[in-house]
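Which chain is which? The protein sequence lines are A and B, in order.
Numbering-wise (our numbering), the first sequence opens with residue 1 and increments by one.
Numbering-wise (our numbering), the second sequence opens with residue 1 and increments by one.
Hints may contain errors.
Straight line, CA to CA, 27 angstroms or less: simulated BS3-like cross-link-like pairs of lysine-lysine [unchecked claim]:
no.	chain 1	residue 1	chain 2	residue 2
1	A	Lys-43	B	Lys-239
2	A	Lys-159	A	Lys-63
3	A	Lys-43	A	Lys-63
4	B	Lys-239	B	Lys-184
5	A	Lys-63	B	Lys-63
Computed beta-carbon distance windows for the label pairs [what the hints assert, rightly or not]:
no.	chain 1	residue 1	chain 2	residue 2	range
6	B	Gly-180	A	Asp-71	51 to 61 angstroms
7	B	Pro-62	A	Glu-119	31 to 41 angstroms
8	B	Gly-127	A	Asp-31	25 to 35 angstroms
9	A	Asp-71	B	Glu-147	52 to 62 angstroms
It should be emphasised that the hints constitute simulated quantities derived from the structure, not laboratory data.
Quick reminder that beta carbons are idealized off the backbone N, C-alpha and C, glycines included.
So the chains spell out like this:
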Amino acid sequence: MGQGHVRFRAELRALLPRLRRFGHALTGSADAGDDLVQDALEKALSREDQYREGTRLDSWMYKIMQNAWIDNRRAHARQSRVVQPMSEDIVAVSEDGRDSFDAAISLRQVREMMTRLHEDERAVLALVSIDGLTYQQAADALDIPIGTVMSRLARARNKLLQLMESGAPTAPKD
Amino acid sequence: MSNITDEMITAWLDGEVSPKERQAIEGAIAASPQLGMRVARLSRADRMLAPAYAETLSAPIPKRFEDLLAEPKAAIARTSIWSQLSQVLSPRPMAIAAASMVFGIAIGGLVLSRAAGGPAFEAMADGQLVANHQMAMNLASTQSGGEGALRIRLSLVDDAGQYCRQFETASAAGLACLDGGSWKVDTLTSGSRSAGADGLYVMADGTPDPAIAAALQRRGVREVLDREHEAAAIAAGWKATK
Chain A
1 MGQGHVRFRA
11 ELRALLPRLR
21 RFGHALTGSA
31 DAGDDLVQDA
41 LEKALSREDQ
51 YREGTRLDSW
61 MYKIMQNAWI
71 DNRRAHARQS
81 RVVQPMSEDI
91 VAVSEDGRDS
101 FDAAISLRQV
111 REMMTRLHED
121 ERAVLALVSI
131 DGLTYQQAAD
141 ALDIPIGTVM
151 SRLARARNKL
161 LQLMESGAPT
171 APKD
Chain B
1 MSNITDEMIT
11 AWLDGEVSPK
21 ERQAIEGAIA
31 ASPQLGMRVA
41 RLSRADRMLA
51 PAYAETLSAP
61 IPKRFEDLLA
71 EPKAAIARTS
81 IWSQLSQVLS
91 PRPMAIAAAS
101 MVFGIAIGGL
111 VLSRAAGGPA
121 FEAMADGQLV
131 ANHQMAMNLA
141 STQSGGEGAL
151 RIRLSLVDDA
161 GQYCRQFETA
171 SAAGLACLDG
181 GSWKVDTLTS
191 GSRSAGADGL
201 YVMADGTPDP
211 AIAAALQRRG
221 VREVLDREHE
231 AAAIAAGWKA
241 TK
């Protein structure tokens, strides 16, 4: 067990919160997201020798997760969408309460809206808007050209805005 | 300004445009209130995204992930132990199937493992088998790879830091570990079990007898001693490893 091995695990450990968040955003469910993380961790540990030190571990892990998710989706083709209610909610996110646009929408509704986007769109939003990766990093993680990241992001944001503006009538109102 | 697309706006919002593009976009925004409104609208899309998943980000890490990443060193060593063994040991074909028919061994109750003419191990009150004086001397002094009545196939340090030796006699094989000054038998298997295999207690594919393999798995192998370290341990009287 070399130092590299120990460091690899420590870095994976440090990434876990972000991986879980990505899994949640991508799958639409915290549980399904964690299953994806588990799957990706097992793959990463077994393929440690394929990871090149000095490259971004987060991009590498996101790529593994994304691929595992695609495989998973193929395996359960056309499985109905998973939307899992969470404990908190109806949280107005505007600081002053005057922004009726934001305040009318709960965080749960935002997550529900995410599940209505195409999974490719969810992936770019999860990486760029939520995780803060650059377009290049997201392109590397998703194995797509940077121009595609850009167009998917614009499309995803427009769809999300349309859902928000329509008040997301089918979203849970608890 | 119709030549400013939503893609350009979102890229600008993300700080992903070149200085030149940035200048052009900002100039266009300043010149067009309509464009300004488009920018304001698009800028709202992401505002609730990160908060929507903040709970997941800050949630305690599930134990299953911690376990996976904190897999003990020993467990990792186990996966590679057989490759370590093959480096240390050279295959040594033996034809002792007949011998195993001659000498019998009863595991449990009276133990009569006749390695050197007498019972090699004695059962303690708690059932623990311990090497008798002669056997203990042999276990402590025999180098691996020999062809005597007691043959050592492997010397190792287990996860607890105890020395263990995988041994064979004419009729039995096993794993004995030094504990409190005594060579205690961890596992004993009868010779007939693997008769016919390439090596007596090593299967044709080079893997050890399943019972001994299981014992090694259970104890964990911290280190397999090579010849040099084994010789040093013999010379030092198997002093504690930690």
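Hints versus structure:
no.: 1; hint: A:Lys-43 x B:Lys-239; verdict: 41 angstroms, violated
no.: 2; hint: A:Lys-159 x A:Lys-63; verdict: 24 angstroms, holds
no.: 3; hint: A:Lys-43 x A:Lys-63; verdict: 11 angstroms, holds
no.: 4; hint: B:Lys-239 x B:Lys-184; verdict: 16 angstroms, holds
no.: 5; hint: A:Lys-63 x B:Lys-63; verdict: 24 angstroms, holds
no.: 6; hint: B:Gly-180 x A:Asp-71: 51 to 61 angstroms; verdict: 53 angstroms, holds
no.: 7; hint: B:Pro-62 x A:Glu-119: 31 to 41 angstroms; verdict: 24 angstroms, violated
no.: 8; hint: B:Gly-127 x A:Asp-31: 25 to 35 angstroms; verdict: 47 angstroms, violated
no.: 9; hint: A:Asp-71 x B:Glu-147: 52 to 62 angstroms; verdict: 54 angstroms, holds
When the structure is compared with the earlier hints, violations turn up for hints 1, 7, 8 and for no others.
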